[in-house]
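Next come the chains, spelled out residue by residue.
Protein chains: 2
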Amino acid sequence: MSVLDHDDAKAFILHWGEMGTHWGVNRSVAQIHALLYLTDHPLPADEIVDLLRLARSNVSTGLKELQSYGIVRRVHVEGDRRDHFVAETDLWEMLMRITAERKRREVDPTVALLAELSARLSKDSSAPPYVRDRIVRMHEFISTLGNWYEQVRTLPKPTLVTLMKLGGKVARFVSPRKPKS
Amino acid sequence: MSVLDHDDAKAFILHWGEMGTHWGVNRSVAQIHALLYLTDHPLPADEIVDLLRLARSNVSTGLKELQSYGIVRRVHVEGDRRDHFVAETDLWEMLMRITAERKRREVDPTVALLAELSARLSKDSSAPPYVRDRIVRMHEFISTLGNWYEQVRTLPKPTLVTLMKLGGKVARFVSPRKPKS
DNA sequence: CCCCAGTTTCTGTTTTTCCAGAATATACCG
DNA sequence: CGGTATATTCTGGAAAAACAGAAACTGGGG
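Heads up: the protein sequence lines correspond to chains A and B, in order. In terms of my numbering, the first sequence opens at residue -4 and continues consecutively. In terms of my numbering, the second sequence opens at residue -4 and continues consecutively.
In short, the hints are calculated from the structure, not lab data. Careful: at least some of the hints might be erroneous.
Because identical chains cannot be distinguished in the list, a pair is counted as satisfied if it fits within a single copy or across any two copies.
As the list claims (entries may be wrong) - Derived SDA-like pairs (lysine to any residue); straight-line CA-CA distance at most 20 Å:
#1 K59 <-> K164
#2 K98 <-> G19
#3 K98 <-> S(-3)
#4 K5 <-> E111
#5 K160 <-> W143
#6 K152 <-> D85
#7 K152 <-> I137
#8 K5 <-> A95
#9 K5 <-> K164
#10 K152 <-> I93
#11 K164 <-> V147
#12 K160 <-> Y144
#13 K5 <-> Y125
#14 K5 <-> V131
#15 K98 <-> H10
#16 K59 <-> V169
Using the sequences provided together with the hints, build the complete structure.
Below, the structure written as structure tokens:
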């Protein structure tokens, strides 16, 4: 008796797995996440193995990965020596943690590289000006996005929700010359 | 004589390629994009082949892909029968087009699936309530994000830039009870 | 201090993705 | 209407990623 008895749950897990592959997350990891997300009680690794038909080793690696994102955590279940796992179910929280971790892993190193290249290019008079210009602009752009993200991510969840519901209307605050039309 | 004579340009192109692989974009495609981004004049496919050491066929496929994202376009060069290609250099524009296309390709189908599953689960009394609940919440969440994105993306670029520079300060507009502290 | 359930790391295999070159198609010119 | 230059699609092989199973490790009992 598990969520996998339901075709809709199965469909969700499969889709989530595919989705993962399109965003650079391995299929098994995404499937494990989907399974835990749908389940309302902690699951031990063995059970994940049975349900998703994955090798024990992959489940172990996958769980480690999900924990490093902070969207799955180990919990202890009374009277069972095995580790059990549960997923974050607050979707805002989940999104924030995933984006934060991906920024750390991929965006930050990119910004670091761009900073280095920008610095070197500014001194190198043999570099074509348009190359320098484009690297510098890319650096500024990604840095700015990154800083914006770091600021926004610390806002309280309810504020974020409100802002999102506002949608395009936030623009009113910045361009007061443009009335409701 | 090309941008590839410069080590910094080379480094950028290689890094951009790797970056691609981490986000589900194939390395060649990302490299072609980086090369065109750094170059200040239209390049014909053959030249991309020489510069990046890729097969002609892959360059063709890659360019098609980049064009489908709308971040590279074909231009004609006086006195040359071959197609030439240039990349979008406005980074906001680039970001918007990439995100729009990825939403179309990956997020929209996901929302569609979630809608279907939600609908079916609401009628299926045999489904555990927590499964229904979690699918429904995921559906609402992603839909909301999607709608927010569609609204924001139509805002004029300068407005977006201003909003971004505001950073966390936008929160002031929504929670007026919290002064500057 | 040894045993054993539970977990992680390692290694060879399978699967998937990527890509070079060949084959095919399309546009342009005389 | 050929012929040539350019571009795209197809296909088999190479490279990379994912995975299963075995081996190694860990940490509580007894």
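**Message:** If you test the structure against every hint from before, which numbers come out violated?
**Reply:** Violated: hints 1, 3, 8, 9, 16.
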